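Engineer: Listed here are the chains, written in short residue letters.
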Amino acid sequence: MGTDLVPGDRVRTRATDPAGHTRLPRYARGAVGVLVERAGRHPLADDRARGVAAEPQPVWHVRFAAAELFGAGDHTVTVELWQEYLTRVEEDA
Amino acid sequence: MSGEHGSSVIAARVRHVEALLEARGLLDAGEIDTRIDEFLAGGSPANGARIVARAWVDPGFAERLLADANTAIREVGLSMAGGLQEQRLKVVANTAAEHNVVVCTLCSCYPIALLGPSPSWYKSEAYRSRVVRDPRGVLVEFGLELPADTRIAVWDASAESRYMVLPRRPAGTGSLSETELAGLVTRKGLIGTAAV
Numbered sequence: 001m002g003t004d005l006v007p008g009d010r011v012r013t014r015a016t017d018p019a020g021h022t023r024l025p026r027y028a029r030g031a032v033g034v035l036v037e038r039a040g041r042h043p044l045a046d047d048r049a050r051g052v053a054a055e056p057q058p059v060w061h062v063r064f065a066a067a068e069l070f071g072a073g074d075h076t077v078t079v080e081l082w083q084e085y086l087t088r089v090e091e092d093a
Numbered sequence: 001m002s003g004e005h006g007s008s009v010i011a012a013r014v015r016h017v018e019a020l021l022e023a024r025g026l027l028d029a030g031e032i033d034t035r036i037d038e039f040l041a042g043g044s045p046a047n048g049a050r051i052v053a054r055a056w057v058d059p060g061f062a063e064r065l066l067a068d069a070n071t072a073i074r075e076v077g078l079s080m081a082g083g084l085q086e087q088r089l090k091v092v093a094n095t096a097a098e099h100n101v102v103v104c105t106l107c108s109c110y111p112i113a114l115l116g117p118s119p120s121w122y123k124s125e126a127y128r129s130r131v132v133r134d135p136r137g138v139l140v141e142f143g144l145e146l147p148a149d150t151r152i153a154v155w156d157a158s159a160e161s162r163y164m165v166l167p168r169r170p171a172g173t174g175s176l177s178e179t180e181l182a183g184l185v186t187r188k189g190l191i192g193t194a195a196v
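As given, the protein sequences belong to chains F and Z, one line each in that order. Okay, so the first sequence: first residue is 1 according to the numbering used here, each after it adds one. Okay, so the second sequence: first residue is 1 according to the numbering used here, each after it adds one.
Derived by calculation from the structure, the hints in this document are not laboratory data. None of the values given here were measured: they were computed from a predicted structure. Keep in mind that a hint or two might mislead.
Said to hold, decoys possible - Pairs of lysine to any residue residues, derived as SDA-like cross-links and limited to a Cα-Cα distance of at most 25 Å, are as follows:
1) Z/Lys123 to F/Glu55
2) Z/Lys123 to Z/Leu146
3) Z/Lys123 to F/Arg10
4) Z/Lys123 to F/Arg29
5) Z/Lys123 to F/Ala45
6) Z/Lys123 to F/Tyr27
7) Z/Lys123 to F/Arg48
Said to hold, decoys possible - Which stretches of chain Z does chain F cover? Using the computed rule of at least three CB atoms under 8 Å from a CB of chain F, they are:
8) 133-143
9) 156-170
We put the CB at the ideal spot given by N, CA and C, even for glycine.
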C-alpha cells in the first residue's frame with residue numbers, strides 16, 4: 001500500500017470481510033473508485049473499536065459510479081475511507 | 001447494523017452501566033443527561049439555514065465554505081467544536097447539473113452539534129439502505145423530482161466527516177433579505193431530500 005496517494009488516483013477497496021468492526025461498507029468492497037480529496041488523518045476505526053492503539057492515517061473521499069457498486073444506476077456514491085482499505089489501480093492495468 | 005435504537009433491553013443495559021459508573025464515582029448523578037443537553041443546546045437546522053443564506057448572498061463566503069467549512073462557519077458565529085472534538089464539516093453544493101444527498105449507511109452520523117438531532121427517517125434502515133442504491137427513486141418519494149439530466153451524488157458519512165448540502169437559491173428571491181432567505185431553507189434541504 002503506497003502512502004503517496006493523490007486526488008484523481010483510481011483505487012480498489014479491500015474485498016475481504018473482517019471479523020470485527022469496520023467502516024468499509026459491504027456494498028463498497030472490492031470496488032474501483034476515484035479519490036476526490038483527503039478528509040484529514042485519523043486512527044483506523046477498526047482498531048479503535050478493538051481498543052488497539054493506532055497511528056492516524058489519511059482518510060479519503062472516494063467516489064464510485066453506482067454501476068460499479070450495484071451493477072446499475074447513473075448516480076455516484078462518495079464514501080469516506082481510511083487509506084488502509086485502498087490499493088492504487090495502475091492506469092494501464 | 002441494527003435499525004433499532006429504542007430497544008428496552010438496550011435502554012435497561014444503559015441505565016445499569018450508568019448506575020455502575022455513578023456508584024464508582026466516575027460520573028455524577030445525571031451527568032450524562034446534562035452533557036447531552038449541553039451538546040444539543042446549540043444545534044438547530046436554523047444554523048444550517050443561516051450558513052446557506054450567507055452563501056447565497058456572498059459568493060466569497062460560498063467559496064470559502066466549500067473549500068474549508070470548519071473555518072468559514074466561524075464567520076457566522078458557528079462551529080463544529082460542540083462535541084468531544086471538533087468534527088470536520090464538508091459542505092457540498094447543488095448545481096443545475098448535480099444534486100447532492102447525504103446518508104450514513106453504517107449508522108446515523110449527522111452534524112448534530114451544528115444542526116441538532118437528525119430526523120427519524122434519516123436513521124431508518126429503509127432510507128440508509130435504499131438511497132445509495134436508488135437515490136432518484138427515494139427522492140421522488142420525498143416529493144423531489146429532479147430533471148432527468150441532473151446527476152445525483154450520494155455522500156455516505158462512513159468515517160469522521162459530517163456533511164451538509166448547500167441547496168440552490170430559488171428563482172425569484174432576488175429581493176429577499178439574508179434573514180428572509182434563511183427562512184426558506186429546510187432541514188430536508190440541508191440533507192438533500194428537498195430542493196431547498
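Engineer: For every hint, state whether the structure bears it out.
Structural biologist: Hint check results:
Restraint check for Z/Lys123 and F/Glu55: the C-alpha separation of about 31 Å exceeds 25 Å, so the hint is violated. Distance hint between Z/Lys123 and Z/Leu146 is fulfilled; the C-alpha atoms sit about 23 Å from each other, no more than 25 Å. At roughly 31 Å between alpha-carbon atoms, Z/Lys123 and F/Arg10 are farther apart than 25 Å, so this suggested pair is violated. For the given pair, Z/Lys123 sits about 23 Å from F/Arg29 by alpha-carbon distance, which is consistent with the 25 Å threshold.
At roughly 21 Å between alpha-carbon atoms, Z/Lys123 and F/Ala45 fall within 25 Å of each other, so this suggested pair holds. For the suggested pair Z/Lys123 and F/Tyr27, the alpha carbons sit about 18 Å apart, so the restraint of at most 25 Å is met. Taking the CA atoms of Z/Lys123 and F/Arg48, the gap is about 23 Å. The hint holds against a cut of 25 Å. Requiring three or more residues with a Cβ within less than 8 Å of a Cβ of chain F, the coverage given for the stretch 133-143 of chain Z holds, as 4 such residues are present.
Counting residues of the stretch 156-170 of chain Z whose C-beta sits closer than 8 Å to any C-beta of chain F gives 6, which meets the bar of three, so the coverage hint holds.
In the structure shown, a violation is registered for the earlier hints numbered 1 and 3, in ascending order.
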